[in-house]
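Chains A and B, in that order, give the protein sequences. Counting with the working numbering, you get residues 1 to 254 for the letters of the first sequence. Counting with the working numbering, you get residues 255 to 508 for the letters of the second sequence.
Just so you know, the hints here were simulated from the structure itself, not pulled from any lab data. You can take every hint at face value.
Below 20 Å or equal to it, Euclidean Cα-Cα: the simulated DMTMM-like pairs (lysine to aspartate or glutamate) are: (1) A:K11 - B:E361; (2) A:K197 - A:E163; (3) B:K265 - A:E107; (4) B:K463 - B:D448; (5) B:K456 - B:D502; (6) A:K140 - B:D403; (7) B:K421 - A:D67; (8) A:K140 - B:D392; (9) A:K169 - B:D321; (10) B:K421 - A:E62; (11) A:K197 - A:E216; (12) A:K167 - B:D321; (13) A:K222 - A:E208; (14) A:K169 - B:E316; (15) A:K11 - B:E363; (16) A:K202 - A:E254; (17) B:K463 - B:E417; (18) B:K423 - A:E62; (19) B:K423 - A:D67; (20) B:K411 - B:E470; (21) A:K167 - A:E210; (22) B:K423 - A:D83.
Computed footprint of chain A on chain B; a stretch qualifies when at least three of its residues, placed anywhere within it, have a C-beta under 8 Å from a C-beta of chain A: (23) 342-353; (24) 365-373; (25) 387-401; (26) 424-435.
FRET-style restraints, in silico, Cβ to Cβ: (27) B:F452 - A:R154: 22 to 30 Å; (28) A:K157 - B:T406: 29 to 37 Å; (29) B:Y484 - A:E208: 42 to 50 Å; (30) A:T128 - B:K459: 25 to 33 Å; (31) B:G355 - A:G82: 20 to 28 Å; (32) A:D83 - B:K482: 32 to 40 Å.
Since we're looking at a predicted model, the values are computed, not measured. By construction, the Cβ of each residue, glycine as well, lies at the ideal position given by its N, Cα and C atoms.
Number of protein chains: 2
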Amino acid sequence: MSAAKRQKTSKDGVPYELIYWPGIPGRGEHIRLALEEGGATYTDTAQPGQGGADPVLSMIGESNLGDDANPPYLAPPMLRHGDLVLSQTPNILLYLAPRLGLAGDPEDEDAIYRLNALALTALMTATTPIAVGLYYEDQKDESLRRTRDYVTNRLPKYLGYFEKVLKGKASGEGPWLYGGRLTYADLVLFHCVDGLKFMFPKAMKGMEKEHKGVFELYEAVKARPKIKEYLASDRRQPYSQGIYRHYDELDITE
Amino acid sequence: MSAAKRQKTSKDGVPYELIYWPGIPGRGEHIRLALEEGGATYTDTAQPGQGGADPVLSMIGESNLGDDANPPYLAPPMLRHGDLVLSQTPNILLYLAPRLGLAGDPEDEDAIYRLNALALTALMTATTPIAVGLYYEDQKDESLRRTRDYVTNRLPKYLGYFEKVLKGKASGEGPWLYGGRLTYADLVLFHCVDGLKFMFPKAMKGMEKEHKGVFELYEAVKARPKIKEYLASDRRQPYSQGIYRHYDELDITE
Numbered sequence: 001m002s003a004a005k006r007q008k009t010s011k012d013g014v015p016y017e018l019i020y021w022p023g024i025p026g027r028g029e030h031i032r033l034a035l036e037e038g039g040a041t042y043t044d045t046a047q048p049g050q051g052g053a054d055p056v057l058s059m060i061g062e063s064n065l066g067d068d069a070n071p072p073y074l075a076p077p078m079l080r081h082g083d084l085v086l087s088q089t090p091n092i093l094l095y096l097a098p099r100l101g102l103a104g105d106p107e108d109e110d111a112i113y114r115l116n117a118l119a120l121t122a123l124m125t126a127t128t129p130i131a132v133g134l135y136y137e138d139q140k141d142e143s144l145r146r147t148r149d150y151v152t153n154r155l156p157k158y159l160g161y162f163e164k165v166l167k168g169k170a171s172g173e174g175p176w177l178y179g180g181r182l183t184y185a186d187l188v189l190f191h192c193v194d195g196l197k198f199m200f201p202k203a204m205k206g207m208e209k210e211h212k213g214v215f216e217l218y219e220a221v222k223a224r225p226k227i228k229e230y231l232a233s234d235r236r237q238p239y240s241q242g243i244y245r246h247y248d249e250l251d252i253t254e
Numbered sequence: 255m256s257a258a259k260r261q262k263t264s265k266d267g268v269p270y271e272l273i274y275w276p277g278i279p280g281r282g283e284h285i286r287l288a289l290e291e292g293g294a295t296y297t298d299t300a301q302p303g304q305g306g307a308d309p310v311l312s313m314i315g316e317s318n319l320g321d322d323a324n325p326p327y328l329a330p331p332m333l334r335h336g337d338l339v340l341s342q343t344p345n346i347l348l349y350l351a352p353r354l355g356l357a358g359d360p361e362d363e364d365a366i367y368r369l370n371a372l373a374l375t376a377l378m379t380a381t382t383p384i385a386v387g388l389y390y391e392d393q394k395d396e397s398l399r400r401t402r403d404y405v406t407n408r409l410p411k412y413l414g415y416f417e418k419v420l421k422g423k424a425s426g427e428g429p430w431l432y433g434g435r436l437t438y439a440d441l442v443l444f445h446c447v448d449g450l451k452f453m454f455p456k457a458m459k460g461m462e463k464e465h466k467g468v469f470e471l472y473e474a475v476k477a478r479p480k481i482k483e484y485l486a487s488d489r490r491q492p493y494s495q496g497i498y499r500h501y502d503e504l505d506i507t508e
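The task is simple: from the sequences and hints, build the whole structure.
Shown next, in the form of structure tokens:
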């Protein structure tokens with residue numbers, strides 16, 4: 001048995017460590033939702049007493065070159081599981097989902113690739129009012145122009161796509177995207193919709209009638225007992241100045 | 255044995271079918287480079303006599319809801335392999351790489367997640383002068399502002415990151431990103447650098463001195479016999495109005 005295989009075995013029962021900024025749901029939220037729905041034991045650097053932003057800063061700092069097996073990474077979220085360190089949201093989910101029972105039918109070895117495609121596409125729906133540099137205040141006109149393009153072109157395109165997925169046969173029965181059961185792709189879409197509802201409440205309200213399936217999926221995830229308990233807990237980070245930001249003047253419908 | 259397992263077996267020896275726009279390298283190029291380096295048998299809708307844009311348009315059309323097992327997809331590239339249809343560039347590569355010997359040490363079952371993180375990060379380097387709507391001509395000022403931000407902030411950040419990866423121990427010996435051997439992550443970074451060299455030749459020239467490792471990797475991929483043969487062939491699509499576009503007035507260094 002190779003060293004890699006031994007390492008895998010030694011990770012059974014090892015808790016997951018999420019390394020992410022405190023104070024925003026951000027991309028880290030996708031990882032949290034999977035860990036929570038999967039009932040995993042995990043730590044989260046966003047929680048009080050976990051060092052604040054320091055664990056993230058130390059991982060992405062100039063002098064951190066990774067270790068013998070793990071390259072350095074550019075940005076959080078990161079997940080440590082035993083000796084393995086991972087970055088990139090869809091990649092962390094790809095690793096976690098089969099371990100947490102969120103990757104569809106375990107007999108269907110191609111399911112993970114279809115779910116990964118759905119998750120990557122859902123993540124494309126994220127948008128930011130910040131085009132260049134750091135400050136929204138320096139680019140208000142540009143932000144308004146981008147937001148107008150987003151809510152009139154990109155948002156209906158993305159939601160229309162997921163509505164099509166839900167109408168397709170591969171989605172199976174029930175409110176889910178693939179194979180008639182809850183998968184991590186549903187959790188990803190849930191948080192993307194949740195973030196967009198925070199960011200653009202008016203535009204998202206206007207999307208409900210034409211995208212009933214997407215909003216039913218959203219409500220179905222929200223009603224899952226573990227998700228419901230999590231969303232009401234202190235473990236959920238508040239929306240703030242992360243990917244999803246709310247500005248009243250960008251809450252437009254056209 | 256499950257239906258899914260039988261399906262897998264039946265795909266052995268089945269040629270890969272790349273479904274992508276003709277006339278640009280685009281995101282499809284990442285798939286082509288893996289197929290070429292891996293010596294795979296494949297068809298490519300970008301080649302003459304393959305129907306032009308029609309195969310792509312039919313896959314992403316309003317009425318295409320996928321099939322019993324495959325959801326509909328939003329955008330190319332797509333890959334068909336037997337009954338399996340995939341979308342999303344990093345996802346297609348994730349599927350192909352282990353089959354083409356481009357996923358590192360086959361004994362190291364965690365390698366694919368580290369490579370996927372590197373590939374996803376490399377793909378983040380892509381930029382476009384087109385912020386909103388279709389036409390560059392309608393957004394010249396905004397494009398210049400975005401490009402200035404890109405070449406002075408994001409470009410050095412991204413290249414600096416990959417330089418760090420190459421300095422880290424996990425990269426191993428030689429010019430490669432991970433484990434001392436060529437992987438698909440190297441091919442992805444190669445095409446990203448190639449596209450950026452086309453788009454911003456002056457800014458990329460200015461990066462060479464501080465990022466020697468990245469440019470050595472670029473040359474090492476370019477010199478691989480199969481890649482060299484491919485790049486000189488008709489199978490390589492020319493740069494045009496795709497992700498990587500060249501405008502003289504955006505060829506700036508600061």
